[in-house]
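Asks: In terms of the working numbering, the sequence shown has 1197 at position 217, counting the first letter as 1, and numbering is strictly consecutive.
FYI, nobody ran anything at the bench for these hints, they're computed from the structure. It should be emphasised that the depicted structure is a prediction, and the values quoted were computed from it without experimental measurement. Backbone N, C-alpha and C fix where the C-beta goes; we use that ideal spot for every residue, glycine too. Take these hints with a grain of salt, some might be off.
Unchecked claim - Pairwise CB distance ranges (calculated):
(1) L1004 x T1121: 39 to 47 Å
(2) A1035 x R1002: 45 to 53 Å
(3) D1194 x A1129: 19 to 27 Å
(4) A1035 x S1211: 19 to 27 Å
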Amino acid sequence: MTSTISSTSLSPTTRQVWTRSRGLVLALAILLAAGITMAALNSGDQHGRLDPRSADRFGSRAVAELLKDRGVTVEAVTTLDEATAAAGPDTTLLVTNPDLLTEHQQRSLHTATASSGGRTVLLGAGPPSVDTLAPGVRTNTPAPVSARAPRCPLPAADRAGTVDIGGERYATDIADADACYMSDGVPTLLRIRDTGTGAGDTVLLGSPDILYNDRLDQRGNASLALQLLGSRPHLVWYLPSLSDGSAAKSGGDSGFLGLIPSGWLWGVFQLFLAAVLAAVWRARRLGPLVAERLPVAIRASESTEGRARLYRKANARDHAASSLRSATRDRLAPLLGVPPADAHSPDVLVPAVSARLPDTARDPRTLLFGPAPTDDAALVRLADQLDALEREVRIS
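Turn these sequences into a full structure, and let the hints guide you.
Replies: Listed below in structure tokens is the structure:
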């Protein structure tokens, strides 16, 4: 028993480790290869999305060049300070991704543009931003991008005709708003006049598809884009960036919890529900424990070694020590004339051992009923001492 506990056969070999982990290593290798392949295939598709300097299919260099030919100056900015500083009656401010802005940034942007007298164009503004950037406007379920007719009195839309638009849909109770390109009766383009100066306005586009390089020459996309963005002599093309320092000035949203998205609670609940369902599935699959006879005979040494390996893997020295002491008490009881029912009673077994070995230097009570060893070395010493005690009883 002692040699089993201290045997190096309990330590898994390199081959055993590889056999156990090769499935996981293979799965990780496949995931890594798939990720690299997908990144390589898609690396050029979304690069420079809606960037007026990008000639990619999702870039917007074509419309920027057309605007420059019409005498409109196009300035690309990536910080909130640059965008708000440029706001004015002669400026169109295009915000390519309003939902990327923090609440602090949205409030600052709305304050700067509300009374500027210029035009603000918001591309795909959703629930995270529309309440702040366009008060009085509500979002509806997004619609697929498709060819839609204007069906509204807005001159720019009427001249452009059918365009590729969809995405976010907007509803409002504002009386003089222009609602165009309907999807099930809800507009995907909404123009709202500023109530302060009356000269400025805000245009909400449900999707940015009319600005993409590969869609600009289709239908009336170019016409609508040029009219919406070229109504003022200066166009500020705002590309919100996560590296913008103004994003850190979030006021009450400071700290770790402020960085967690608003839907995190729903996500955690879904993970918890999935874990519960997985546990139920595994429990039903495994079923109740059933005791059955082994189909083949197993040598005691193999069974002992297997149990020792499990104890070592679980760092269960208390269970190992309990098994050693229990087996020793079972073997000592018949040698000492103690009934099997009292073999594990310290008040009966310890006096019998002491009477047989009055001069022993060991404390029988500590050996047979003592505390669990604190480390592996103490466990090995306990096994040696139990063996020595049993031998002394046998030869006494």
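Asks: Compare the structure with each hint and give your call.
Replies: Going down the list of hints, with the structure as the test:
A beta carbon spacing of about 41 Å between L1004 and T1121 agrees with the range 39 to 47 Å that was offered as a hint. The given range of 45 to 53 Å is respected by A1035 and R1002, whose C-beta atoms sit roughly 46 Å from each other. A hinted range of 19 to 27 Å for the beta carbons of D1194 and A1129 is consistent with their spacing of about 22 Å. At roughly 25 Å, the beta carbons of A1035 and S1211 sit within the given window of 19 to 27 Å.
In this structure, none of the earlier numbered hints is contradicted; all agree with it.
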